[in-house]
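Peer 1: Protein sequences appear in the order of chains A and B. Per the working numbering, the first sequence starts with residue 1138, numbered consecutively. Per the working numbering, the second sequence starts with residue 1138, numbered consecutively.
Some clues are possibly wrong.
Since the list gives no way to pick one copy over another, a pair counts as held whenever it fits inside one copy or between any two copies.
In silico SDA-like links for lysine to any residue, alpha-carbon gap of 20 Å or less [claimed, not checked]: (1) K1256 / L1214; (2) K1474 / E1339; (3) K1532 / V1485; (4) K1487 / T1469; (5) K1199 / D1166.
Calculated directly from the structure, the hints in this document are not laboratory data.
There are 2 protein chains.
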Amino acid sequence: MAKQPKNAISPTRAEDFPEWYQQVIKAADMAENSESRGCMVIKPWGYALWENIQQQLDKRFKQTGHQNAYFPLLIPLSHLEKEAEHAEGFATECAVVTHHRLEAEKQDDGSTKMIPSGKLTEPYVIRPTSETIIGSAFSRWTNSYRDLPLLINQWANVMRWEMRTRLFLRTAEFLWQEGHTAHETKEEAIAETKLIHDIYTEFLTNNLAIPVIPGEKSEVERFPGADRTFTIEAMVQDKKAIQTGTSHFLGQNFSKAQDISFTGRDNTIQHAWTTSWGVSTRLIGTLIMAHSDDDGLICPPRVAPQQIIIIPVTPKEDSREAIIDACEALATTLRHKDFHGEPLRVHVDKRDLAGGAKKWEWVKKGAPIRIEIGPRDLESRKICMQRRDEDAFEKHFMPKETFLRDCIDTLQQIQNEILHRATELRDTNISECGDLTEFERHWSTSDQPGWLTTPWDASNEEEEALSKKYKIAIRCLPLDQQDGEDAQCIKTGQPTKKRAIWARSY
Amino acid sequence: MAKQPKNAISPTRAEDFPEWYQQVIKAADMAENSESRGCMVIKPWGYALWENIQQQLDKRFKQTGHQNAYFPLLIPLSHLEKEAEHAEGFATECAVVTHHRLEAEKQDDGSTKMIPSGKLTEPYVIRPTSETIIGSAFSRWTNSYRDLPLLINQWANVMRWEMRTRLFLRTAEFLWQEGHTAHETKEEAIAETKLIHDIYTEFLTNNLAIPVIPGEKSEVERFPGADRTFTIEAMVQDKKAIQTGTSHFLGQNFSKAQDISFTGRDNTIQHAWTTSWGVSTRLIGTLIMAHSDDDGLICPPRVAPQQIIIIPVTPKEDSREAIIDACEALATTLRHKDFHGEPLRVHVDKRDLAGGAKKWEWVKKGAPIRIEIGPRDLESRKICMQRRDEDAFEKHFMPKETFLRDCIDTLQQIQNEILHRATELRDTNISECGDLTEFERHWSTSDQPGWLTTPWDASNEEEEALSKKYKIAIRCLPLDQQDGEDAQCIKTGQPTKKRAIWARSY
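Chain A with its partners taken away, still in its complex shape (with noise of 0.2 Å):
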């Protein structure tokens, strides 16, 4: 049988990465656009790979001492005002809500047309992210040093009124968690903080295979009104970098702008150490682009939605009840399986549909492993695999009992596999330059160029104009690589031990 990939998506990833994006997204049924400006319709697809993240990331969580709770969706003008910059970081995106009720006006066609009426003494915006509301309940809970730590998580909707929007990756409204924390003094602060980057680098890195770098985001990178903000930085196959997760240590800037205060160990009035973090629905963006080909979406077996999908083929109506029985019985055997200590997730595609037409719904959905059994096996009691990380084409036939024995191991092979592709690609496209005009001459020369290490140590305003004249930025500063040899910075030419990861980014 041919090997050439079928090609299911077009435009392919070398015609047109962005068009690519969209029409895997598509062709896998994972989300649409609204006509509410900028929101998504996440659809069961890509909702189901967000109820996977979900649960495994809450999972870690609770094991580390965090507790979920809900704070409300809009925030009162006055509270978004008391923290200056992060009131200024956010405003130029904020839905605004000025009225609280509609009339109904006839209009001369006989149709009724609503008008916006009751209006709000103080308007309220939609929460682009809750520290404000947040710390406003964690000042009310603080009295003494014993009601610390706090160790607050939300799963909430978000909106941020983003001029440009792109499914996953940049909506007006999105679904994050957002963990909040106050702590006694600054080091378990920041050791929060850092507990927190590490979870992620780890959920990413085993979970969704995507192997970030950790590191810390420069000054002018920073989350307004944090301290230090650490990042977690996915590259995707055009090269370019997604922020998938941050993690802020906000020092007492929050703190003190809402009063956290409690009276300490010594019996004097201290303010909170506070810290935030979070993720969203763009991790889905990122684990699109960085992992699915020319046929569509491929999903790492940990979050994907149905990691084996068993299809029936039953050319001949006296044995279709058997192999579907077979079938059944097959996907109920599997799902007594634990795959990371979750039952196996088993979908027998029963629909009165093409065969070829259902493996090719599935390929563009990214299932980890399809099984096809038809009259033939049966009778050999064998199946035919095939895996997603492989060409559409190829087949394995093997007893019913050597699949059953093996499919753990196979679908933890698919998932190191998977996450390999996407090292090599990060560690291919990240070089080291140590010189200004090699540096400036590399973002001109490509349409997609590599990130680039940087010894750096100059000021803001020469990393601002350097990303903006060539539409880059520091992605961050990477954290096994602050206290390196001394190098000479590309900009001063002073020596320094730091480094610093530019690109280009979504």
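Please arrange chain B on chain A, whose structure you already have, making use of the hints.
Peer 2: Leaving out everything else, chain B in the frame of chain A:
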């Protein structure tokens, strides 16, 4: 030891039921009001209860073929206008977004004020419910009868600008699930409406220990835009009714307004038949009012955030470590046990706090079982068990092995006892009434009148007149009493087989 209850909550239920309710929530640390008008903060103990409700319901929805998805928070006004009755039903309580940015305005005193800016050409409302926005997606997704049924559920926040709010029971923002389905035939859609109504009834009875009355709403009380509304009605301890869940058969009203049409088996273009259904954080308020006592919350074991609390009693420093180790070991053993398919939720309270203070905190939080282990218990391998459904001073001493053997049974006994009490309350406070004079006297002579079942076949106007006069409503036409003996309608005197249940309500 004295048997009289401590009455940890002041006022008691008898003294002031509504205020008692607020105080239970405060004592159990479940939720609080926020500075955002009518919006609550759901604190960890309240949110964990919601998470259990979510997971247990979500499992039932998925087992019956429903899939989760997510739709936009903001609904364009033009969408809402499409179904006029629906729009008018929600018009007076819609939060309206009119601007999409803020501008900082420096004040004379040096402070910054944020002013709404960037006026939208078309305003949005924050979803009060999502029939219109989901219907618009269904319209895109439905081409052929092969695309049906669509069985979709969404977990989300919604907003209704209520004038008077009460934690959990009526808040401007609340959390809920809203199911939306589209079907090929009327019969299938009605079957779906009833399936969900049955799931709700079973879940409230078995898991929340709330013996709801399932029934159908009268035309007056129907959801705006529905052809039929099925409801489950709960009685709480002041004998008021709470509508805890509804399932609507929407006929073709929304599918015609939003063009959810498809090519049928006969090749004609047809409109789909749709349903919607939901339960919300209101369930938590109902649970509190149904079960709690003058010592605080009583939480049914199946949804309790923690089912067993283990309190180490450590009067002497030298046995402290051994006692805490024994508590942790017991917790670990218990967490491997299974109650209704979920691992037991067990917490060891190791805080440095007096034993009495700890005990009363868990009484007020409604934890079903409390265990104490002290120095003497350690030697004798005994434990002291207390049950939340019993007097707070009742103690059961038993060998640890006996407790381990029986604890699942004990939890189920507590669950059954809570349901039993609520069922008794309900059954002793619903009476039949066949006479209008008696009916009218009933509502005038008691502060907390029970429910009345009457033969009823009168007009909407007559129903509304009686409802208004006595601040009551027909809660439902109970499903199992619509086809019995003929009796005279209390208003018209005409013979009817129909029965209506009347009550005051939250």
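Peer 1: Can you give the numbers of the hints that this structure goes against, from lowest to highest?
Peer 2: Of the numbered hints given earlier, the structure breaks just one, which is hint 2.
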